[in-house]
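J.: Here the protein sequences come in this chain order: E and A.
Going letter by letter, the first sequence gives residues 1 to 205 in this note's numbering.
Going letter by letter, the second sequence gives residues 1 to 205 in this note's numbering.
Simulated from the structure, these hints should not be mistaken for lab results.
A couple of the hints might just be wrong.
One copy or any two copies: either way a pair holds, since identical chains are not told apart in the list.
Stated by the list, open to error - The calculated DSSO-like cross-link candidates involving lysine-lysine, where the alpha carbons are at most 27 Å apart (straight line), are:
| # | residue 1 | residue 2 |
| --- | --- | --- |
| 1 | Lys53 | Lys86 |
| 2 | Lys103 | Lys86 |
| 3 | Lys147 | Lys103 |
| 4 | Lys86 | Lys189 |
| 5 | Lys173 | Lys90 |
| 6 | Lys64 | Lys147 |
Residues per chain are reported as follows:
Protein chains: 2
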Amino acid sequence: MANFKPIIPENFINTDYLLLGNLHPAVQMAVIKQIPVRPKLVVLDTMNFWMDKTWNELMEVIAKIDVITINDEEARQLSGEYSLVKAAHKIQEMGPKYVVIKKGEHGALLFNDDNVFFAPALPLEEVFDPTGAGDTFAGGFIGHITKTGDISFENMKRAVIAGSNLASFCVEKFGTERMENLSPEEIQKRLLQFKQLTQFDIELS
Amino acid sequence: MANFKPIIPENFINTDYLLLGNLHPAVQMAVIKQIPVRPKLVVLDTMNFWMDKTWNELMEVIAKIDVITINDEEARQLSGEYSLVKAAHKIQEMGPKYVVIKKGEHGALLFNDDNVFFAPALPLEEVFDPTGAGDTFAGGFIGHITKTGDISFENMKRAVIAGSNLASFCVEKFGTERMENLSPEEIQKRLLQFKQLTQFDIELS
Numbered sequence: 001m002a003n004f005k006p007i008i009p010e011n012f013i014n015t016d017y018l019l020l021g022n023l024h025p026a027v028q029m030a031v032i033k034q035i036p037v038r039p040k041l042v043v044l045d046t047m048n049f050w051m052d053k054t055w056n057e058l059m060e061v062i063a064k065i066d067v068i069t070i071n072d073e074e075a076r077q078l079s080g081e082y083s084l085v086k087a088a089h090k091i092q093e094m095g096p097k098y099v100v101i102k103k104g105e106h107g108a109l110l111f112n113d114d115n116v117f118f119a120p121a122l123p124l125e126e127v128f129d130p131t132g133a134g135d136t137f138a139g140g141f142i143g144h145i146t147k148t149g150d151i152s153f154e155n156m157k158r159a160v161i162a163g164s165n166l167a168s169f170c171v172e173k174f175g176t177e178r179m180e181n182l183s184p185e186e187i188q189k190r191l192l193q194f195k196q197l198t199q200f201d202i203e204l205s
Numbered sequence: 001m002a003n004f005k006p007i008i009p010e011n012f013i014n015t016d017y018l019l020l021g022n023l024h025p026a027v028q029m030a031v032i033k034q035i036p037v038r039p040k041l042v043v044l045d046t047m048n049f050w051m052d053k054t055w056n057e058l059m060e061v062i063a064k065i066d067v068i069t070i071n072d073e074e075a076r077q078l079s080g081e082y083s084l085v086k087a088a089h090k091i092q093e094m095g096p097k098y099v100v101i102k103k104g105e106h107g108a109l110l111f112n113d114d115n116v117f118f119a120p121a122l123p124l125e126e127v128f129d130p131t132g133a134g135d136t137f138a139g140g141f142i143g144h145i146t147k148t149g150d151i152s153f154e155n156m157k158r159a160v161i162a163g164s165n166l167a168s169f170c171v172e173k174f175g176t177e178r179m180e181n182l183s184p185e186e187i188q189k190r191l192l193q194f195k196q197l198t199q200f201d202i203e204l205s
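Here chain E stands alone, though its shape is the one from the complex (with noise of 0.2 Å):
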């Protein structure tokens, strides 16, 4: 990895929102240092082989990011917690101040602070591959947010939504196969199916 080290191009410098890809922490370190201003939104995505390999390295991306993404198990080994409450609590004392904590077919949650937001996972008739569902996640997410240029909590429960939304399409088929040829329109349609998954009326008696 050592010998992979990205350069920014010049017109892409002055981001305001920046996405770190799964890669060995030094080179997402090395993405940071290029950007003069610090960006408004920086989402970092990890997992379990750098918490392994690079542990210390990683502590220092992480404190400077707004945004982690990772599994259930990665939330747990990162924070030591069973509980993923508390172990989102813990993470946001390392750094960032939202946590999304991906559970594959059972959904995802978002939290930041005290507050907390749950996206389900599609229910599908079949999952034919989940390899790339959380790269697309996380690239449905930092794309509705770039797409918005809002960085509420409340924009941030729609991301969450953007991301699970297009990662359903993603294990429909092989690799990237079903991306490809993905229309707005079949994603504004399971958008919908999202809605009425989870929305009800509350009554207050």
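Dock chain A against chain E, hints included.
T.: Same frame as chain E, now just chain A:
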């Protein structure tokens, strides 16, 4: 079990809503047969043990009910399908129009024809003792239906939330301890937490 022959008291015999607790299907059938006018809604709770030991008797009961509540592994066993969507469809063909699949800390799904509703489990700091969560869920579900007298899909969604709400208290302490002094105010407050946990404003672009 063959020695347990429950007799429904006279003043309960004309019930509109019947919950058949998780017992031997012969006991469940004996209860059904005591009721002269079919209730508006019959809910069945069962488990893997009865699938293993009393399959045929269980299938006879399942053919006579409206709602079944089982966990994810049991739904797979009952249907022979891994996908919960496919499992729910197969189980619907066995009798119950409504299938509730409980996923413990991962929430619960309600299926009816092509409608799906998902109720999350409330993310808790600590789960002390999961014993009784399934029974509490079933009680909260039928309690909501009985109180409101409404068996529409919309209201059944609320019943799933009501059951999930009560179950979230059950697991906080040992046995029935947490339920004994539970106040209506606590239940209402947590209902709002459930609402906040999953509700988002959709954006149609």
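J.: Each hint needs a verdict: does it hold in this structure or not?
T.: Hint check results:
1. In this assembly of identical chains, Lys53 and Lys86 lie within 27 Å of each other by CA distance solely inside one copy; the values are 24 Å within and 41 Å between copies.
2. Taking the closest pair of Cα atoms, Lys103 and Lys86 come within 27 Å of each other both inside a single copy (16 Å) and across two copies (21 Å).
3. In the homo-oligomer, the alpha carbons of Lys147 and Lys103 lie at most 27 Å apart inside one protomer (25 Å), although the nearest pairing across protomers, at 35 Å, exceeds that limit.
4. In this assembly of identical chains, Lys86 and Lys189 lie within 27 Å of each other by CA distance solely across copies; the values are 21 Å between and 35 Å within a copy.
5. Within a single copy, Lys173 and Lys90 get their C-alpha atoms only as close as 36 Å, which misses the 27 Å cut-off; across copies the closest is 24 Å, which meets it.
6. In this assembly of identical chains, the alpha carbons of Lys64 and Lys147 lie at most 27 Å apart only when taken from the same copy (23 Å versus 52 Å across copies).
Figure legend: structure checked against the earlier numbered hints; every hint is met.
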